[in-house]
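> Protein chains in written order, with the numbering used here: chain F, 1 to 397; chain H, 1 to 397.
Careful, some of the hints might be misleading.
Where chains are identical, the list cannot tell them apart; a pair therefore holds if satisfied intra-copy or between any two copies.
Unchecked claim - Listed next, the in silico SDA-like pairs over lysine to any residue satisfying Cα-Cα at most 20 Å (straight line):
no., residue 1, residue 2
1, K238, R46
2, K375, V134
3, K41, D51
4, K41, P52
5, K54, G324
6, K53, K276
7, K233, G113
8, K313, I199
9, K54, K276
10, K53, A269
11, K23, G113
12, K372, H246
13, K319, E202
14, K197, N49
15, K233, H70
16, K54, A269
17, K23, R396
18, K372, M243
19, K53, R262
Source of the hints: derived by calculation from the structure; they are not laboratory data.
Protein chains: 2
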Amino acid sequence: MIKENFNVKGEPLVSIISAGLSKFGKLDGLYAREIFAQAAKETFDRCPNLDPKKDIQALFVGHMGESYEHQGHTGSTMADWTGLLPVPATRVEAACASSGAALRVAIQAVRSGMADVVMVGGVEKMTHRTTAEVTEYLAMASDYPFEQWNGITFPGLYALMATAHMHEYGTTERQLASVAVKNHYHGSMNPKAQIQKEITLEAAMSSRVIAWPLKLYDCSLITDGASCLVLTKPELTKKFTDMPVHIIGSGQASDTIGLYERESFTSLASAKVAAKKAYEMAEVRPENVDCAEVHDCFTIAEIIAYEDLGFCKPGEGGKIVESGETRLGGRIPVNTSGGLKAKGHPVGATGTGQAYEMYLQLTGQADRRQVKDAKVGLTHNVGGSGATATVHIYRRD
Amino acid sequence: MIKENFNVKGEPLVSIISAGLSKFGKLDGLYAREIFAQAAKETFDRCPNLDPKKDIQALFVGHMGESYEHQGHTGSTMADWTGLLPVPATRVEAACASSGAALRVAIQAVRSGMADVVMVGGVEKMTHRTTAEVTEYLAMASDYPFEQWNGITFPGLYALMATAHMHEYGTTERQLASVAVKNHYHGSMNPKAQIQKEITLEAAMSSRVIAWPLKLYDCSLITDGASCLVLTKPELTKKFTDMPVHIIGSGQASDTIGLYERESFTSLASAKVAAKKAYEMAEVRPENVDCAEVHDCFTIAEIIAYEDLGFCKPGEGGKIVESGETRLGGRIPVNTSGGLKAKGHPVGATGTGQAYEMYLQLTGQADRRQVKDAKVGLTHNVGGSGATATVHIYRRD
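Kindly generate the complete structure, drawing on both the sequences and the hints.
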């Protein structure tokens, strides 16, 4: 087992003093660096007391794929384009959990004493590539010799999980579609979402099959976008803002790179371990969580996330989405941003993009999609078919 | 300027309790994960008091390119293949400084209190690709719109630095070749080096031109390899080993991704900032360094490194290599391992591979290439044409 030796229990690890998000969608004619600069600009504008060049001492950037723009070395590129040179800048990659993992690394940088103020974000530019190219680049996050080689792609891998879940628990295609309907409803209220319109259950159910039982509306989007946070030590927060959001729990865990090696297809062991660690660190239980952003790369992934995070019992994920418990106004609203499904999934930007939504929710800035009296939030970011998972827990003062 | 708030000055930040290195060279028929497992095995075997599965709480992996093996998500892949699941595992990429940057992240993880024992390493599998493919993949660490697009590759970028250095300081092709001769001499004594034979100055000078003034022997190698370290808190060292090596300084800095935007072509601003930070933190001056591994991706890079690290005055790098000051037995032996030039340059593995050499030197295990009474060592790891640089300083008890 992983042992972690926090001497801080339930107390803030670090505090978010500002956050920014670019528009998510098809951002023609922009390089990733320009999109990242958009997110950074919102972050800087939102916090007038922050002098980025003077205050920010390190930058961590979640970025998944060098192939999209034929551009690696993304850490220093983003430092350059956000005016932060010569700050130490490091790219972190953990597939679609790249910026979730970057967030954890950034927390460690602050807590190490090696930096008081750190910027962390994520970015991906994808839509200038064909769907076939994107599918191929994403597949690099699965196992080359045993998965990619045999032609399986991520829709196929998640379809295997979906059929296993249907077989084991009786989960239905209608329940999968209910995730899409809910998240598109939430996305319709997010002016930065890639798709801002509601869809009907019938439309979702009758969309074309991608990898049965997953249909077009069961799949997240191909998106350009970037996200940013600025973190500091809790005791330095007052210098920058009266409205910080504290990160009180951080968990990350790994699993086999290949899905075929797992004991279960209906649960992600990595997400369960990461959640356990984060809950313990935060001294928070699932029932204390007021809202969450979870990794709905496919609708089945959101259903499994509910179960792995303890929002319901194993096998009941389909039921709680169908009954509306995870819809805005329900027991625990999930993916109020629209999620990867409607807000979009610029893969490297997703983890800190989820944190951005928690920042808005916990500071009461989520406008029409505000969760009333939200005090504790959670983000769940998954890489690949679950070889990486990160869970972070947030609270306001 | 970057401010860093270490409360530890000259004291160990973390301690290396074990280290391992795969054979460097053309390792046909192996995946990166298998090569990394070789390095991990040496690391584990070297430290019988370490129970990897029980003790290691996080893994950081420097890995530059997903393109070589069509495989990203390298953190959890390496955790899987070294038996460390479900440990949090994160890939760090900063071009050829990937594992130098990973080392810094790993130091922060230990110092954050979030992990007591951490493994950090790097890996790359390159030789199964053609030279043209490798050149293209490496080029992703340069600026796409303004460098790659115009056809310049890394030999070309470093050739620009070399001609500038020749113009500004009178550095000669013979001095460049002297770097190669020295490093091949050192490599001839390293049983893990890719090339273990000496070369003559004449052979180096008459080798074919790659990008004038750089000839074949001015260029580092295309290599498969992996490297590993295990770090812990200084106060926990005794549990594991009587012969730790302490890391007492860590510096990292960034510069523009494009060479064309720099004020100087004859010095790397990132390396100078990183060195200054590391020296200050370690309370060490250049003249206190007994041996160093520097980033000799091209011979000119080693000459510039001497100057950026303060081993000589600006412009005198060519002279000190020609006079033998940086050869084994000289004033400050540099690249006793053979360097990127002769040991090889599996790009993601290079940073922690340099640290491995310091571990051997400072524990008196460097055999025929042992630097007598080595007490303080330094590593200098550069990404791209200098958009990233990391400098670490080591000492024994």
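> What hints, given by number in increasing order, does this structure fail?
As far as the earlier hints go, 2, 5, 8, 11, 14, 15 and 17 are violated by this structure, in ascending order.
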